[in-house]
Amino acid sequence: MTPDRSSRPAGDLISPAENTWCPGCGNFSIEHMMKSAVAELSEEEGIPIENFVLLGGIGCHGKLVDYLNVNSFYGIHGRSVPAATGIRLGNPDLKVICHVGDGDIYAEGLDHLIFAAKRNSDITVVVHDNRVYGLTTGQYTPTSPAGFKGRSTPGGITEHPLNPLEVMLAAGATHIARGYTKKIRHLKNLFKEAIMHRGFSFVDVLQICATYFNLTDYYNEHAYEMKVGEVDAGRFESALGKIREWDYDREAPIPLGTFYSVEKPIYEEKFQALMAGGPERRPLVRKVIEEWR
Amino acid sequence: MAEYSVLIGGKAGEGINTAGLSIAGLFSRLGYRTYMYFDYPSLIRGGHNFAIIRAADRAIGAHRTPVDVLLAFDQNSIDNHRESIHDGTTVVHDASAVVRGEGYGLPLDDIVKEEKAPPITKNSAMLGALARVAGIGREVLEDVLRGSVPAKHLEANLRVAGRGYDAVEGVFTVEPVDAPALPVLTGNEVAGLGLVHGGLESYVAYPMTPTSSILHFLANRAEDLSIGVIHPENEISVILMALGLGYAGKKTAVGTSGGGFCLMTEGLSLAGMSEIPVTIVMGQRPGPSTGIPTYTAQGDLHFVLNAGQGEFPRLVVAPGDLEETYVWSAAALMLSWKYQVPAIVLTDKTLGEGAYSFDLGAITPLPDRQPVLWDGAGEYRRYARTEDGVSPLAFPGRAGATIKASSYAHDEVGFTTEEPTETREVQEKMLRKEESLKAELATYPTVKTYGARDAGTTIVCWGSQKWVCIEAAERLGARVVHPLVLSPFPTRAWKEAMIGAGKVACVENNATGQFARLLRQQGFDPGRSVLKYDGRPFAVDELEARLTEVFT
Ligand SMILES: Cc1ncc(C[n+]2csc(CCOP(=O)(O)OP(=O)(O)O)c2C)c(N)n1
Ligand code: SF4
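Each protein sequence line maps, in turn, to chains V and E.
Here the first sequence stands for residues 1 to 293, numbered as in our numbering.
Here the second sequence stands for residues 1 to 552, numbered as in our numbering.
Simulated from the structure, these hints should not be mistaken for laboratory data.
Honestly, I wouldn't trust all of these hints.
Listed below are the simulated SDA-like cross-link pairs for lysine to any residue, each with C-alpha atoms no more than 20 Å apart in a straight line [claimed, not checked]:
(1) V:Lys287 <-> E:Lys338
(2) V:Lys270 <-> E:Leu431
(3) V:Lys287 <-> E:Ala219
(4) V:Lys287 <-> E:Glu223
(5) E:Lys338 <-> E:Leu431
(6) V:Lys118 <-> E:Leu360
(7) V:Lys287 <-> E:Lys152
(8) V:Lys287 <-> E:Pro119
(9) V:Lys287 <-> E:Gly199
(10) E:Lys152 <-> V:Lys270
(11) V:Lys270 <-> E:Lys338
Could you build the full structure based on these sequences and the hints that come with them?
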């Protein structure tokens with residue numbers, strides 16, 4: 001049999017792995033919109049499917065990487081961002097997309113997230129922000145609202161949530177967006193835009209956890225898609241103002257869309273130049289030793 | 001045997017390490033083999049730093065307590081080293097700083113003022129004085145300075161060195177040896193070079209003594225060696241980035257010490273389960289916790305052997321000198337890729353920061369090994385279950401392959417599974433890889449012996465203790481048995497090496513006899529433990545005395 005060496009056509013990206021998410025879980029929307037985003041980008045931009053790499057953290061969200069027939073690195077809790085940076089360092093042709101949970105990345109992995117934003121690593125981070133720990137059955141996360149009663153905090157938490165978009169803006173992220181799992185077409189476009197952004201892109205997705213924290217009614221009431229001109233995504237202050245409209249705590253309108261998007265040099269560039277060409281390194285070693293005096 | 005020892009001491013910030021390397025350079029220029037032990041506390045200015053440089057007309061790798069010349073920048077450098085001074089010791093001191101001096105006093109403050117030279121050139125005055133005391137010609141001195149001092153400071157250094165040279169008299173004469181001048185390198189530099197020999201493409205590390213200098217060295221030489229070098233936010237990031245690079249097909253190593261390795265254990269376990277190769281240079285220093293940051297120990301053997309949750313194979317090698325560091329760093333990287341297991345090069349401060357003459361010409365590299373790559377036929381399965389446990393590799397971006405790496409127990413494709421048969425097979429596959437690796441290692445020189453078979457007494461030791469034990473053994477008429485691989489343990493080779501061992505002593509730089517414990521676990525008798533755990537390596541004379549007690 002001659003192996004089929006041609007690139008796989010976009011489409012049919014759902015893998016045979018059995019899906020074990022709860023009915024009604026917001027992860028389904030993210031999975032399907034990610035699948036469509038990858039497929040469409042492949043068609044529209046001519047990016048071969050084999051050049052996409054998905055990473056998963058640990059939590060319900062991470063299962064996504066099993067469910068799509070795309071290259072994947074199913075990592076460990078909170079650590080997919082540095083692994084993604086390594087992958088992107090290793091191969092500049094790859095489109096590297098991290099799927100992370102809010103507990104996963106804002107609790108366990110926050111330092112990595114901030115540093116990836118700071119260095120403008122050319123990767124995309126999609127946060128399945130259900131504002132609760134799903135897989136470990138309902139504890140609070142860094143974005144749970146004050147008063148949230150989780151299984152580890154039955155009396156209700158007294159801390160306030162992080163506004164991750166504000167953290168990311170301060171850290172130096174060059175592309176910041178928010179989506180909602182009930183606005184799927186909008187979500188898909190956010191994904192496509194973020195993946196195509198050259199530099200660190202970040203999408204916080206308000207995700208329904210059907211079992212432990214179902215905020216459907218609340219989001220349906222408050223979330224709205226920003227219109228063109230509502231925020232100047234090229235200006236830090238404008239983005240900050242819009243990002244602060246809702247702080248994940250108080251009742252307020254919840255803007256969805258892209259808050260900030262600017263071009264800056266990416267982290268991986270210089271590295272690539274250093275390793276370019278895959279030279280024979282042993283003579284280089286000999287030369288370094290011979291010149292030793 | 002012709003041999004010389006020089007001790008140079010002063011405050012941190014006075015460039016004792018560099019001065020020591022220049023002294024080693026002086027002897028190397030005359031064909032001698034050199035070794036330098038550098039002792040410094042964890043501070044940037046003040047305190048007491050010293051280096052002992054030993055030169056001999058044959059290979060050495062340890063220091064002795066008595067010295068022929070003592071170069072003292074301050075009072076401590078005399079007072080702290082009374083046991084090194086004997087009748088034949090020539091002392092040269094900085095008369096501007098030492099109050100109760102002995103030997104020759106050089107007014108270094110005046111010299112540098114008169115020569116309009118920066119204070120750091122005082123080192124050159126000492127070097128000049130040493131050359132004169134040791135009967136080494138002015139040309140050799142100047143040649144060494146030319147090789148080590150940047151051009152714009154050269155003139156000032158030459159003038160100051162000349163002043164030192166003229167201020168003292170010849171005491172003895174170091175005769176040149178008919179041998180090539182070898183470069184003097186540290187274990188860390190050679191580990192970096194060995195890794196590149198093995199195919200290294202990128203190096204990731206967060207600074208931690210005693211391996212920071214691998215990071216500094218490779219970062220400095222990144223362009224010359226055509227490698228990428230990265231310093232990320234912490235060690236967790238370090239190992240995860242390395243695994244990302246490995247998944248993308250780049251041969252990558254990381255370096256750390258115990259504290260950083262603690263943080264890496266999570267990633268080490270991930271490397272085990274996901275079968276992504278990574279090489280870790282783990283330079284030991286005394287713990288627990290921050291311990292004694294700039295000193296030496298062999299206290300992390302069992303930590304390294306057992307780090308990470310679950311059961312997975314790993315390669316652990318422990319070189320004993322530069323030549324072994326070179327070949328085994330290269331081999332660790334290559335075998336890590338061939339078997340898709342994490343490899344650990346276990347060193348310590350003694351070896352990593354110690355400086356030794358390095359003879360690249362005398363090195364016989366271990367065999368070249370390549371990763372097993374996917375041939376492109378049929379559907380790609382990242383974790384295809386093969387007889388030897390090794391699944392062919394493909395990297396993302398490869399048309400026709402979907403590459404799924406996973407931290408979960410997984411089926412052949414890489415999908416998460418909790419099904420009992422599948423999970424058992426995941427474990428068995430890893431064990432098969434370990435067997436295959438072990439079989440391959442059986443053809444490598446995993447256990448080295450020194451001295452006569454019928455000696456009747458045997459010193460066993462590991463890592464940086466190699467040379468101090470070899471020298472002590474010569475005096476005592478004993479054999480030395482030194483393993484290069486600690487996991488998977490080379491049981492057969494060890495058994496053979498220990499035939500007729502007689503009385504056995506096990507020498508280690510730790511408090512509980514960790515290698516002895518490993519030997520017992522493997523069913524061998526480790527004999528009597530000879531331990532040192534004050535952060536300092538054994539001096540040859542010190543070890544001889546300790547071993548004499550054990551063997552008589
Ligand atoms: C180091 C480590 N600590 C804890 C866990 C257990 N754990 C698994 S998932 C999870 C929380 C996941 O929450 P989140 O990131 O919000 O993801 P979700 O399940 O909601 O998608 C935790 C704490 C782990 N796997 N690893
Ligand atoms: S627990 Fe919540 S996040 Fe997890 S699968 Fe169920 S609904 Fe989805």
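Do the hints match the structure? See the list:
Proximity of lysine 287 (chain V) to lysine 338 (chain E) is assessed by CA-CA distance (about 27 Å); at most 20 Å being required, the pair is judged violated. Restraint check for lysine 270 (chain V) and leucine 431 (chain E): the C-alpha separation of about 40 Å exceeds 20 Å, so the hint is violated. In summary, the hint linking lysine 287 (chain V) to alanine 219 (chain E) is supported, as the alpha carbons are separated by about 17 Å, within the 20 Å threshold. Straight-line distance between C-alpha atoms of lysine 287 (chain V) and glutamate 223 (chain E) comes to about 13 Å, which keeps the hinted pair within the 20 Å bound.
Taking the CA atoms of lysine 338 (chain E) and leucine 431 (chain E), the gap is about 15 Å. The hint holds against a cut of 20 Å. At most 20 Å may separate the alpha-carbon atoms for a hinted pair to count; lysine 118 (chain V) and leucine 360 (chain E) exceed this at roughly 42 Å. Between lysine 287 (chain V) and lysine 152 (chain E), the direct Cα distance comes to roughly 24 Å. Violation of the 20 Å bound is thereby established for this hinted pair. Distance hint between lysine 287 (chain V) and proline 119 (chain E) is unfulfilled; the C-alpha atoms sit about 33 Å from each other, more than 20 Å.
This hinted pair checks out: lysine 287 (chain V) and glycine 199 (chain E) have alpha carbons roughly 16 Å apart, not beyond 20 Å. Distance restraint check for lysine 152 (chain E) and lysine 270 (chain V): the Cα-Cα separation of roughly 30 Å exceeds the 20 Å cut-off, and the hinted pair is therefore not satisfied. The hinted pair formed by lysine 270 (chain V) and lysine 338 (chain E) fails the criterion: a straight-line CA distance of about 29 Å is larger than 20 Å.
Taken one by one, the earlier hints fail for this structure at numbers 1, 2, 6, 7, 8, 10 and 11, listed in ascending order.
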